[in-house]
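Taken in sequence, the protein lines are chains A and Z.
Just so it is clear: in the first sequence, position 255 is 255 by this note's numbering, and no numbers are missing.
To get this note's numbering, take the position in the second sequence, counting from 1, and add 1000.
None of these hints come from the bench; they were simulated from the model.
All C-beta atoms in this analysis are idealised placements derived from N, C-alpha and C, irrespective of residue type, glycine included.
A couple of the hints might just be wrong.
Claimed, not checked - With a cut-off of at most 20 Å between alpha-carbon atoms, the simulated SDA-like pairs for lysine to any residue come out as follows:
hint, chain 1, residue 1, chain 2, residue 2
1, A, LYS73, A, ILE102
2, Z, LYS1173, Z, THR1107
3, Z, LYS1122, A, ASN84
4, Z, LYS1173, Z, GLU1058
5, A, LYS94, A, LEU6
6, A, LYS301, Z, PRO1063
7, Z, LYS1121, A, LEU318
8, A, LYS528, Z, PRO1063
9, Z, LYS1122, Z, ASP1144
10, Z, LYS1065, A, LYS165
11, Z, LYS1065, A, GLY309
12, A, LYS303, Z, HIS1119
13, A, LYS388, Z, SER1041
14, Z, LYS1129, A, LEU80
15, A, LYS388, A, ARG460
16, A, LYS322, Z, ALA1126
17, A, LYS528, A, ILE476
18, Z, LYS1013, A, ILE304
19, Z, LYS1122, A, ALA414
20, A, LYS165, A, GLY68
21, Z, LYS1200, Z, ILE1014
22, A, LYS338, A, ALA414
23, Z, LYS1013, A, LEU462
Claimed, not checked - Output of the computed footprint for chain Z on chain A, the stretches with three or more beta carbons under 8 Å from beta carbons of chain Z:
hint, segment
24, 315-329
25, 392-405
Said to hold, decoys possible - Under 8 Å between C-beta atoms, here's a sample of chain Z residues computed to sit facing chain A:
hint, residue
26, LYS1070
27, LEU1123
28, LEU1127
29, GLU1229
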Amino acid sequence: MLSAYLYRVRKSLIRAPGLMVLYAFFLGYILFMSLVVTSLNEGAVRNQDAVVGLIKLVWFGLGILVLGNTCTKGSYAFSLTDVNFHFAGPFTTKFNLIIAVINSLPMTLIYMYFSSMLMPFASNFGFTSKDAILMVCGGFVVVLVCSIIGFLVKVTLDKLEKYKKVPMAIIFGAMALALAGCALMLLSENDWSIKSAFGQDIDILISRIGNNPIIDFFPIVGWPGLIVKGIYLSDVIFIAIGAVLSIGTIVAVAYIFTKANYDYYETAIEGATRIAEITEAKKANVFGNSDINTGKIVVGKEKIGGGRGASAIFYRHLLENKRRSHFSFININALIYKAIVVAYLFFMSKSHIIDDGSLANLAYALGFGLTMNIFVFSGSKTLTELSKPYIFLIPDTAQKKLFASVFADFPEMAFDALVMMIICMVFAPGARTVPFGIAIFLIVASFNFLCQTISILCVRILSRAGAFIINLLRTILDMAVVGFGALVGFVVMSIVDGGIEIVFFSASGVLILASFLALLASRNIIEKTEMR
Amino acid sequence: MLLVNEVTKKYDKILANDKVSITLNNGEVGVLVGPNGSGKSTLIKCIAGLLRYTGDIEIDGLPNKTIEAKRLLGYIPEVPNLYDTMTIDEHFEFIRRAYGYSDKTLTEELIERFELTEHRKKLGKALSKGMQQKVSIVCALLHDPQVVIFDEPMVGLDPHAINELKHVIRELKEKNKAILISTHLIDTVADIWDVVNILKSGHVIVTKYREQLNGQEENLSDLFFEITENKEQ
């Protein structure tokens, strides 16, 4: 069994050297950051509580994320090929579960890669290489154990249709309660003043929240942190409690794994099918696409409602949007990315990397927000259409079909620009004027439109090229147009002697013009490109 | 009428179709058969206008990529490719709107015949592959096309649906439509074909009409094996 598996793994790795390089990069980055973190900020005064708090919060966050995901969606560690060859082949269920654990190692590595990005920031309060190694190794175990626990819970509950949503509710309900408890604790310590409680420096917030008893004793994901706390505080009781609870959990999982005869194949197939759907959809769309849907769709009273010829495509897209969300103008992925932007800006302001009230915050907010939007709006509905035959078959002109598909993205783009405008105004009070607001809205909306049209143009020009080349060209073109727009903006500002909003207005004009030129150049994409 | 004239299609260095020419008159059922990788599906996709190629393809005298030609064409893909978030009824509504065909009579008749009535409120992705194939068939036929091209239409269908599809094909023929079927399941089309084009390595190696066969002693299957295996030797 093992030799067959190892043979397959060896062949897969040989055929995908790029993936090996990527994993080596992740591992190298983690090792490098772990080794140099001590020397990043040698003058920093060590805040032991903040260090312990950060390690515990990282494990807590990773554990919750993995538990929540695997409890609800099952394991993504099996592919359909595994299902066909391993499940139906002469492999035991236990052996196949071990393979699932091995298959999840790359994902665990990615989790640790993102966690290690916190190290430069943590060096500000004396985070050392020893702390880093502890955080990474412990995090690795937490992710692996949580993924197995989550998967076993999912397998068990799949047999009980009525209780399918229970683990999700418990996990995220408990997490919400824990965070609310931490917030209440902070408020009570600061005379119920929100400003005093949450206005403290980030290292103090981390140490207060991370070392809170609620986090300490939070089931499963909080327990390993107790050991760390005990080691750093030289408190044997914490070490003992943490060790008993954590090792007990691992032993219990191992016992269940070896003794119980888990029939998890059906649950694993569900996850494998979902991966296959996502992979297929991504293949068709060249790059990450917000149009890919793997969630549950609820059919309501909404209808196509209009359209004839090419315009039926536009109305169909609106219907699909309504199915994905009650508010058809909301792109869920864009909204999630905006939440990340807010968290990033909050983090930056708490770390005093950006100052409250500074107009420079606007550059951080826009820079980060727009970069994220490349991932949302580049995989447009039009590219999704190219993976199905209907857009090619519909009896209407190629231009009309293209425009009908492109314009269906407009409401989402406009709403995203509105959200981004509000975020910028919150974090950059200097931008709280009507002209600034309009300027921010325009620059974001025009950038979103640019991402979409440049992607279409890249597929039009390089339809036979691979995803990597198309993505590279798309990114270069996006950046080149934005750079040129900024240049034009600064020139106009210097000529009219206006404020920074003039730069945004002028750059928006350039972006809109470039978008329409890109659209014009790709107008015959449906005639000239093949179904993907 | 369907005219394919010297169509060549290359995927990088692989020659999928090499100067393929076929003609299918109205009221004829044409069959494309050939071993795996012979270029059947590629040719069907070229006719549907999904791929780039060199050569000419005409539908009732119109180049296949013109709007007028598209209006006359019905295409059933090899793999049904439905919209995940739309119900079956909404697929039909979308196609009717896209083709500007407001008459629902034919749609309702096809829904009934392919036993889709109780599934019409279901989402595309909630259906089995066979059911999705039935939806694809209805989508291709509901605007009453003059030329219909089927790519492996019987794969995944239950016996009732295969039977029904054969009836539909015969009716289309009676209505003087041109029907082209690509398949490797020779037996499933043995009783409905009029002209067969046998493809091998991207070439049409034989075109034969039913009446050219040697009476009862030779059938489509015999012809296929005789030609493909003899040529190989």
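Results of checking the hints against the structure:
Restraint check: the Cα-Cα separation between A/LYS73 and A/ILE102 comes to about 19 Å, which is no more than 20 Å; the hinted pair holds. A distance of roughly 19 Å separates the Cα atoms of Z/LYS1173 and Z/THR1107; the hinted pair therefore holds under the 20 Å criterion. A distance of roughly 28 Å separates the Cα atoms of Z/LYS1122 and A/ASN84; the hinted pair therefore is violated under the 20 Å criterion. For the suggested pair Z/LYS1173 and Z/GLU1058, the alpha carbons sit about 19 Å apart, so the restraint of at most 20 Å is met.
At roughly 16 Å between alpha-carbon atoms, A/LYS94 and A/LEU6 fall within 20 Å of each other, so this suggested pair holds. Under the criterion of a C-alpha separation no larger than 20 Å, the hint pairing A/LYS301 with Z/PRO1063 is inconsistent with the structure, at around 41 Å. About 18 Å separates the Cα atoms of Z/LYS1121 and A/LEU318, which keeps this hinted pair within 20 Å; it holds. Taking the CA atoms of A/LYS528 and Z/PRO1063, the gap is about 15 Å. The hint holds against a cut of 20 Å.
Between Z/LYS1122 and Z/ASP1144, the direct Cα distance comes to roughly 24 Å. Violation of the 20 Å bound is thereby established for this hinted pair. In summary, the hint linking Z/LYS1065 to A/LYS165 is not supported, as the alpha carbons are separated by about 49 Å, beyond the 20 Å threshold. A threshold of 20 Å between alpha carbons decides the hint, and for Z/LYS1065 with A/GLY309 the separation of about 15 Å falls inside it, so the pair holds. Taken as a hint, the A/LYS303 and Z/HIS1119 pair is honoured in the structure, with Cα atoms around 17 Å apart against an allowance of 20 Å.
Using a Cα cut-off of 20 Å, the hinted pair A/LYS388 and Z/SER1041 holds, with the two alpha carbons roughly 15 Å apart. Simply put, Z/LYS1129 and A/LEU80 have alpha-carbon atoms about 16 Å apart, close enough for the 20 Å limit, and the pair holds. A threshold of 20 Å between alpha carbons decides the hint, and for A/LYS388 with A/ARG460 the separation of about 16 Å falls inside it, so the pair holds. For the hint pairing A/LYS322 with Z/ALA1126, the CA-to-CA distance comes to about 18 Å; that is within 20 Å, so the pair holds.
Straight-line distance between C-alpha atoms of A/LYS528 and A/ILE476 comes to about 23 Å, which puts the hinted pair past the 20 Å bound. For the suggested pair Z/LYS1013 and A/ILE304, the alpha carbons sit about 43 Å apart, so the restraint of at most 20 Å is broken. Using a Cα cut-off of 20 Å, the hinted pair Z/LYS1122 and A/ALA414 is violated, with the two alpha carbons roughly 32 Å apart. In summary, the hint linking A/LYS165 to A/GLY68 is supported, as the alpha carbons are separated by about 11 Å, within the 20 Å threshold.
Between Z/LYS1200 and Z/ILE1014 the CA atoms are separated by roughly 14 Å; this keeps the pair inside 20 Å, and the hint holds. Restraint check for A/LYS338 and A/ALA414: satisfied, since their Cα atoms lie roughly 14 Å apart, inside the 20 Å limit. Of the supplied pair hints, the one linking Z/LYS1013 and A/LEU462 holds, its CA atoms being roughly 17 Å apart against a limit of 20 Å. Check result for the segment 315-329 of chain A against chain Z: holds, 6 residues qualifying (beta carbon to beta carbon below 8 Å, three or more required).
Coverage of a stretch by a chain is defined here by at least three residues with a beta carbon nearer than 8 Å to that chain's beta carbons; for the segment 392-405 of chain A and chain Z the count is 6, and the condition holds. Hint on Z/LYS1070 holds. Least Cβ distance to chain A is approximately 4 Å, under the 8 Å limit. Taking 8 Å as the C-beta cut-off, the interface hint given for Z/LEU1123 holds, the closest approach to chain A being about 6 Å. Checking Z/LEU1127 against chain A by beta carbon gives a least distance of about 13 Å; that is not within 8 Å, so the hint is violated.
Annotation: interface hint on Z/GLU1229 violated; nearest CB of chain A at approximately 31 Å, more than 8 Å.
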